[in-house]
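*Asks:* Next come the chains, spelled out residue by residue.
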Amino acid sequence: MIDLSMAEGFLSALVRVATPLLLAALGEMLAERGGVINLGVEGAMLAGALAAAIGAASGGPWVGLALAVAAGAVVAAGFAAMAIGARTDQIITGTAMTLAALGLTGAIYRRAFGTAGAGLSLPTLTPLEVPGLSRLPLVGPALFAQPLPTYLALLAVPLLWWFLFRTRPGLALRAVGESPASARAAGVPVRRMQALATIAGGAFAGLAGATLVLAQVGTFAERMTAGRGFIAIAIVVLGRWHPVGVLLAALLFGGATALQFLFQAAGLDVPYQLFLMLPYLLTLVLLAGVAGGVRAPAALGRTVE
Amino acid sequence: MNRAAGWLRAVGALAAGLGVLALFFVASGYDPVVALAAMWQGAFGSWFALMSGTLIRAVPIALIALGFTVAYRAGALNIGGEGQFYAGAIAATWVGLNLGRWPGALAIPAALAAAFAAGALWIAVPVLLRRRFGVQEVISTLLLNFVAEALVSYAVQGPLQESQGIYPQSDALPASLHLPLLFGTRLHAGALLAVLAAGVLAWVFARTRLGFELRASGLGPRAAVVSGRIPVEKLAAGALLVSGAFAGLAGGTEVLGVSYALYPNLSPGYGFTGIAVALLARGAPLGILASAVLFGALEAGAGAMQRDAGVPAVAVYVAEAVIILAVLLADRFALRRPEEATA
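Heads up: the sequence lines are chains A and B, in that order. Position one of the first sequence corresponds to residue 1 (this note's numbering), numbered consecutively onward. Position one of the second sequence corresponds to residue 1 (this note's numbering), numbered consecutively onward.
Treat the hints as calculated values from the structure; they're not laboratory data. Check each hint, because a few of them may be wrong.
Claimed, not checked - Listed next, the stretches of chain A that the computed footprint assigns to chain B, with coverage defined by at least 3 CB atoms under 8 Å from CB atoms of chain B:
#, region
1, 4-17
2, 203-217
Claimed, not checked - From the structure, some residues in chain B lie toward chain A, with a derived Cβ separation under 10 Å:
#, residue
3, A113
4, A155
5, G269
As the list claims (entries may be wrong) - In silico negatives: residues of chain B with every beta carbon more than 10 Å from chain A:
#, residue
6, L106
7, L121
8, A175
9, E213
10, S227
11, A309
Think of the CB as a built atom: it goes at the ideal place given N, C-alpha and C, for glycine as much as any other residue.
With the rest of the complex left out, here is chain B:
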């Protein structure tokens, strides 16, 4: 598919998503114009909305989506982004609280590295189960999401609970651990990490042997195995570990850049939104950045819609679902046409 067709497909899917959302508003008695206008205002209506509403949400979504894509290219499905996000958030909080006296230039990288490692560690179990016992990672990563949520709940009522021991949350991180803010807004330096990660992945996918091998093993595992030159299972395992690490990093940047403390419900479902974003962009790293901004906008706009137009924010999931389905359909018909032409 060429670039113009790709854009057309994305815009068409977005239009379908918002169109269905508007229809739903009409059917359930909300004013669609008021609701969508409030949404636009909340997502792009001001510099503040864009930076502190939309982009701040796009960061964890983009990191998780980039990670999902690495595994997806190798033919593996990581549905556990939510769990790895929480593993990263716990690790970053723990390291951050223990390194409060270190200068930020050392403590921040240490905390983010811990988050990165924790995400990889959290998915190491599914990787092991897949390699040793043949357990599908779709199910094992999914199950570990529930374990991670329980672990966060335990952490904020146990070892990481704030020092007064009243609220289910951790102590606030000292200011030295806060990620630098950009342009005087609430947007934090995690955004730069997301852009950097997308750039590196785009280069790896397009220009390196590793990128080629990933794609080959994902597209035709049997052919890749038979060729004998590509270690398919090792690549999938490595890709899953990187995938988990990215989601863990997202948890780390969220704690160090947005919440400054560990809470339960830190993620409003970023793990699943990340998957949708990766699929929408068909695994192209730079496309993922754009899609993440789009979904960040939808979620920031949804909050504003509830506040200003009285429309439940959850309705935005309908738009997200329709966007995914529209892309699936568009791809389906784009794929079918050449076959029919030759048949």
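So here's chain A without its partners, still in its complex pose:
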């Protein structure tokens, strides 16, 4: 049977899985609103994770957090220099950036922490309890006793909404993503906007990588992002390029992933691989429902001359 503590555990797991995905997806959404699809988000996340590990090992979790944000932004800047600066194909460039990050992080990690690399234990960000609220039944532990990145991610949702839909630069960015030519005619520095949005998106991805290391696992492992950056891209589509939609999509994916903890705790005898598949299959099904009714930014993926 499912009791209160199991339900609390489920919700906590949901939020834990959703946090890095939400951060990475919000960043990717920002870039895509400007018409840039960055498949290098997986690489930026991985770089953020390694930078967080190195920073935390030498200066504590806060240094790790700062380095991770910088590392994610640097990877995205590399992507922007190619895809926006030199106008290379976005899909291919993003794939290459992820490949490069995979190689660099793997090699640097082994150089920094030894060939085995196992047993690396880092200082982590402890959960910050909101006094009173964290003792609420059911939602208390999941929402009000989380490490900093979760709060940052939740805070970023209204902030990005405000930015995109209530400020002039946000309007300009959306115009760039819909019709670069018109935006330019209106005096918007199109490619600069795209580059800034992409780099800011990379910073989000770096933070997402840091979340894995500093708030969840407490160590680094090669390829530890395990495709989360790619999932974030699917979450952007599922969330219809809207901050609130992205939040809901990330929570849904987190819930589908967290189901396995619930079912294991309930002692159901179902192959665990089924639960590994479930979030991806669910995303596919929902995409089929969503994709018809919503349109991507019109200039998404197109190179601006």
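We have chain A; now place chain B onto it with these hints.
*Replies:* Frame of chain A; chain B shown alone:
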């Protein structure tokens, strides 16, 4: 671009990739000469290294790259080669284990056909989602990679687990199912399939109406639709199915020619390397064979580099990434020049 310029571009990109890799070695305190020498030894240093190290890896990479190219020509992106590879590997293993008593001349084609069909089936879902619901195949094929990995994990701990039920792998295929080996090395007959596939595609692309229609619908879908003579969406769907089938076949030849059993992590990322190879060769089938050998060499060499020079093998991805980026830049500037000349 003429042939000489094409070669120049490939050699330049390779030099850039290895150059950056060497710089990275220097920066991180490895001896670049020792590392690159170990890499060369592992890739081309001996007949054994070439056949059993480099070419054996080039086979699945080439098949996946050829498949990617078919879809890419039609303007569709199949990022799910990894998943289709695993679908093919599962199918080939299942059929192979069930046809153990058949003579190899029948059982091997049956198992490879199953792998081919499984790859097509695995991408049929994204094709359907694209046609019926407008879901971008970039995302759907990518998502199915994760599903395929979970499916392999389930297969080797469930229905296809070896008979003692201890290890997460399938039983070994009987010898009748092993692909013939070439020249007394570990290189298997799958290499011939890859060459054959490249030849057929080169002919289709260059000499047939189908090849022309593929290119037309990929380059200018709107013009192709308006012309009314080219069924753009049908072509893209068909091209994606063929693309998946090729990746499935790669999974089949890997099981029947190299591993002789199903394992998780059977592919070290061939699905993604295949994409890089296809792009490097700009979709020319014979160029894909050459690029696949190059990337096979890099990956075989990377293993040797880790073994003999203590340099992490993953560093080779840096070289692969730089090669792709260098090609993108080279193409970019090659494209821009004529425009500037006329402007």
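*Asks:* Check the structure against each numbered hint from earlier and tell me which ones fail, lowest number first.
*Replies:* Violated hints: 1, 2, 3; rest satisfied.
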